[in-house]
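Going down the list, the sequences are from chains A and B. For the first sequence, our numbering begins at 1 and goes up steadily by one. For the second sequence, our numbering begins at 1 and goes up steadily by one.
Don't take every hint at face value.
Stated by the list, open to error - Among chain A residues calculated to face chain B with C-beta under 8 Å, some are:
#1 Phe37
#2 Ala40
#3 Val44
Because the hints were derived from the structure by calculation, they are not lab data. All C-beta atoms, glycine included, are put in the ideal place defined by N, C-alpha and C.
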Amino acid sequence: MDIRTGSEGAGEDRVHALIDVTQVPLAEFLTSEETVFEAAVRRVLEELDQSEEIIAGFASYP
Amino acid sequence: MMSVPAHRVAPWPYRQLDAEALRRDGWRPTPFRDFVLKVHQRCNLACDYCYVYTMVDQSWRDRPAIMSPETWCAAASRIAEHAATHRLPDVRVILHGGEPLLAGAQRLSRLVADFRAAMPPGCHLRIGLQTNGVLLNESTLRTLHELSVAVGVSLDGPPEHNDRHRRRPDGGGSSAAVDRALSLLSNARYRDSFAGLLCTVDPTTDPIATYEALLRHAPPVIDFLLPHANWSSPPRRPPGTETPYGDWLIATFDRWYEAPAKETDIRIFSDVINLLFGGGSRSEQVGMSVVSLVVIESNGDIEQVDSLKSTYEGACATGRNVMTDPLDSALEDPGVIARQIGRAALSDACLACPVHRICGGGHYAHRYRAGDGFRNPSVYCADLRRLIDHIRARVSDDLNRRLAAVR
Chain A
1 MDIRTGSEGA GEDRVHALID VTQVPLAEFL TSEETVFEAA VRRVLEELDQ SEEIIAGFAS
61 YP
Chain B
1 MMSVPAHRVA PWPYRQLDAE ALRRDGWRPT PFRDFVLKVH QRCNLACDYC YVYTMVDQSW
61 RDRPAIMSPE TWCAAASRIA EHAATHRLPD VRVILHGGEP LLAGAQRLSR LVADFRAAMP
121 PGCHLRIGLQ TNGVLLNEST LRTLHELSVA VGVSLDGPPE HNDRHRRRPD GGGSSAAVDR
181 ALSLLSNARY RDSFAGLLCT VDPTTDPIAT YEALLRHAPP VIDFLLPHAN WSSPPRRPPG
241 TETPYGDWLI ATFDRWYEAP AKETDIRIFS DVINLLFGGG SRSEQVGMSV VSLVVIESNG
301 DIEQVDSLKS TYEGACATGR NVMTDPLDSA LEDPGVIARQ IGRAALSDAC LACPVHRICG
361 GGHYAHRYRA GDGFRNPSVY CADLRRLIDH IRARVSDDLN RRLAAVR
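Pulled out of the complex, with its shape left as it was, chain B reads as follows (with noise of 0.2 Å):
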């Protein structure tokens, strides 16, 4: 499939982001740090929100099904050089697809001894890996416990929520296999293993019920995203309110608030606080933080970060290879700039609104219309401003009564 130009379909940042103006004024790129690997381009359930499969953008077939030595070869061999090259001290590979455990856990063993090979001295190799955990039975759950590579999940919530949109191809649900990956991630001998959990929000399910069901593994942190969406392709609203999506997670917050101990870290929700505290945040769905995180696919093709598969076809695409070009060049896409330069991202409407310092417009992914690119706010921006408000009074309301107390 052909794709459209970038600069006729996002004008924003490709034809209308003056990366020579903002180095006159200063600004450098920061090496990325987050390496996605996607080991395996298919995928053993069909998540009918999948943003690979079920959106616009349809690359992954004209991609190899598998990564082959070769090309994960070449991808260390450029991670190791971006690394020497920038003096990083540490840095992060995210084994990815579709879903990675299809490649097999030898093939993942030989995998990540060539990565850690190929580091240079000083600096740090993490290795994580994202599944939907249905394959994830004990044998290999202790080999990637011996690689020392951390597996975050995805679900959804209880059995009755995880199922409407995570299936298998037969229509069956996965929350059954992936109860019993969970029950082994949860086990002493594997826990430091765990990662966390990933779960995209759905706001016709009980956001307690399914806050709950994920409590109940034991994750040390939740990521509750918002399903991908833009103004040309906006999410499914049920009636009755205009912020479903900030109801669901304000309900969410006060239930994880209020508890008498911190039960488990909630990425979206400690960052939102952080921000009000004047701090950074380590997300790309809220605040203003550099991304410094690249994809790397099956043929070796360096990409943007993957969620922009959700706005047209070729949207991720930089036109460079590992096997041809150093991670350093794609470092100049308008699009990789367009998510390391803060404030300067944001459209008009962002930059006059008080929560922007908080809510940096969103994920960038959320903020496309065709035609016109990225520079808007999120397509969640009323849900995202709801949600922000909620926060601040109530995080306001408690430091003033310890304040109170400690006079």
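Just chain A, same shape as in the assembly (with noise of 0.2 Å):
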């Protein structure tokens, strides 16, 4: 799905999952608020700096 006009691209039919941010200016969402989105941003923004691989830990740990 385009996120910008809210169509699903030609030939899609909902083969990808994926929201795609990659034109979405994320970075001007964060606001002083904590809200659950606003922290999905901040942790995708995060994870675009961040050189580790992510890896699937034990439950309840950060």
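Take the two lone chains, each set in its own frame, and fit them into one complex as the hints suggest.
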């Protein structure tokens, strides 16, 4: 789905479930609020800067 | 009890995974980073869904009740060797069981000291402990706090929910004792020791009441876990819906997501959102991140993640022990490899699904089918699909609304 227009891309037919944020100015959504959405945006931006591989660890620990 | 050979009960991965072909294609194992230490093999509760005591694997009966100093020193030495070999900047040891607090605070203090002394220079050791909370009094918590041990507690919601399943051996509920423990952990003095809450989903309970009961303790993070089940031992499903677990999680998600400010982190929901945005997952429940976790049992056996005890007798075994084998040898086990190869571990049905990059096939243990193995969709496939579709729709709507607002 093109998040800018809300329309499905040609032939996409939900083949890809990802939300395409490559053209979205995510940093502009950050304010002093800490909603779940903003925390999610911060995490995406932090991971873009992170060089370490993301691994799945034991539950309940950061 | 003699185990059936793994290749017969789980042809995938034990007969069908071609590790050599993976290596020729460039795949290399990821070193372990999390080490679950079974410091005590017994428990003071009798939770009716426990994968250690109530399911097909009963290996706890043949193991020492408590881990000896000799065994934990061997484990520490092996972890240090592994960290040095791979130049790991940090590792994490999780004290586990059974119920780790049955080992006593003094014993745990000696163990932690030995582990910290064993680590190579440049490798930071973090230590956690996962407890049912019943034995967590102020004296023990003070000791753990002084040792910089992060404490995670299991709780399934308000007393009327929690005490359905998490009971003492005499049938009494555990809520009152856990509530006392959590009051201590919520105290400002010990707050930084509080790692979070672990809650097993029961779709017959009220999801909002469950979430709000957990929230009352101000946990930094909540893990909602689907009860361990598989195609050969399916989960309980109340009538009236095909996706009771998905429905329950959706109700909880909406309550959490719609709060004016983020109240706590819920790992499975945060991971799904991050995966939808193209990022990675930090738990095994969703996504295809490499699982870099290994278990060391009370007798030193090196084992796979022990949720596999819910599948078949001996499912966790690697045939290796810290007394005789380096941890690197366990990286060659097909069961360990299977949890490090991402898409290559998924069934054709999963690969054809539009949400497989988010779902990741769900938890590995939930894919098991006797005689077939682990290359199947999750037994919770429909629930996960419903949950992911719902989160995608909610977050997409939110994103579109915010985009319109900044234009």
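Hint check:
1. Because the smallest distance between the Cβ of phenylalanine 37 of chain A and any Cβ of chain B comes to about 6 Å, under 8 Å, the interface hint for this residue holds.
2. Taking 8 Å as the C-beta contact cut-off toward chain B, the hint placing alanine 40 of chain A at the interface holds, the least distance being around 5 Å.
3. At about 5 Å, the closest approach between the beta carbon of valine 44 of chain A and any beta carbon in chain B falls short of 8 Å, and the interface hint on this residue holds.
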